[in-house]
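Visitor: Residue numbers (the numbering used here), protein chains in the order written: chain A, 1 to 65; chain B, 1001 to 1189.
Don't take each hint at face value.
In silico lysine-lysine, BS3-like type, Cα no more than 30 Å apart, as pairs [what the hints assert, rightly or not]:
| # | chain 1 | residue 1 | chain 2 | residue 2 |
| --- | --- | --- | --- | --- |
| 1 | A | K15 | B | K1139 |
| 2 | B | K1118 | A | K27 |
| 3 | B | K1161 | A | K15 |
| 4 | B | K1118 | B | K1181 |
| 5 | B | K1161 | B | K1139 |
| 6 | B | K1117 | A | K15 |
| 7 | B | K1161 | B | K1055 |
| 8 | B | K1161 | B | K1181 |
| 9 | A | K27 | A | K15 |
| 10 | B | K1117 | A | K27 |
| 11 | B | K1181 | A | K27 |
Hints were generated in silico from the structure; no laboratory data involved.
Listed below are the residues making up each chain.
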Amino acid sequence: MSHSEYNYSEFVVSKEEFADFAVHAPKVTMRAPSFPLEDLATGETVQMSELWASGVAVVEFGSFT
Amino acid sequence: MATGSMDDLADRFAGRAVRSAFIYTREAHPGENYRHHRSMDDKRRNARAYLEHSKVRRQILLDDFEGTAHRAYGVLPNMTWIIGRGGMIHYKSAWTSAADVADALENVLDFQVNRAKKQWVAFYSERSAWSTRDMAQFKAGLERAGPQAVADYQRMLETNKAARAAPTEDIGPRIPGNFYKTEGESGQR
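Okay, chain A solo, but in the shape it has when bound (with noise of 0.2 Å):
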């Protein structure tokens, strides 16, 4: 997927996307993936696993959108 198609201008359906999520993204009892995220506050990048470093995390995904 390229950044075009991922950061789409038009929003439509795609009718694959949520059997997609519940059979291919990582299921329950896996290993949580990590990736750098820029924290908004302070422009500082965060790796994702420290949120779950020391303790339980919960991680909500969304736009203003």
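The hints should help you fit chain B onto chain A, whose structure is shown.
Guide: Relative to the frame of chain A, chain B by itself:
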């Protein structure tokens, strides 16, 4: 999104070594006022607008421009995950319901505290979840994004009208992530 209630959940569980974060993704419903991201600066700008509007108290983390983390976790617009110490995924949800997350979180914390003492072992399980939908708030969000966001969503509703119809009261309205099919729809008679 139920921003307030997820922030309340974060506050309620913070004292039990639970860290909550909001990962900012691509715009789910881009419009003239809040456009799709053409750069990380666009993403930062929209995320700051979200913070200012919704008064989010949790840490907001930006995914990269290509949506690397978002795509790895399934690319859905508003999913929530619970991950335990050590990185084991305990909960994976297509949509976000603070009540459902809280229920799952209590189970996870119970497991984390007791697993050594009671020799509990974790295993895979699935269940359905549900939440109320504040359509007035959702429509206000689309209008805030811009006329294109409203039009795109309306077009989707009209295109998928038949598929979203509830077959029975027991099943309820079908939304993305509800895979139920009647015997007729699944070809089983």
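Visitor: If a hint holds in the structure, say so; if it does not, say that too.
Guide: Hints versus structure:
1. A:K15 / B:K1139: holds (22 Å)
2. B:K1118 / A:K27: Roughly 25 Å separates the two Cα atoms, so the pair holds.
3. B:K1161 / A:K15: Holds: K1161 of chain B and K15 of chain A sit about 13 Å apart, inside 30 Å.
4. B:K1118 / B:K1181: Not satisfied, since the Cα-Cα distance of roughly 41 Å exceeds 30 Å.
5. B:K1161 / B:K1139: Answer holds: K1161 of chain B to K1139 of chain B is near 17 Å, not above 30 Å.
6. B:K1117 / A:K15: violated (45 Å)
7. B:K1161 / B:K1055: Given pair K1161 of chain B, K1055 of chain B is violated - Cα atoms ~35 Å apart, limit 30 Å.
8. B:K1161 / B:K1181: holds (15 Å)
9. A:K27 / A:K15: holds (20 Å)
10. B:K1117 / A:K27: Holds, at about 26 Å.
11. B:K1181 / A:K27: Given that 30 Å is the threshold and the Cα spacing comes to 23 Å, the pair holds.
In the structure shown, a violation is registered for the earlier hints numbered 4, 6, 7, in ascending order.
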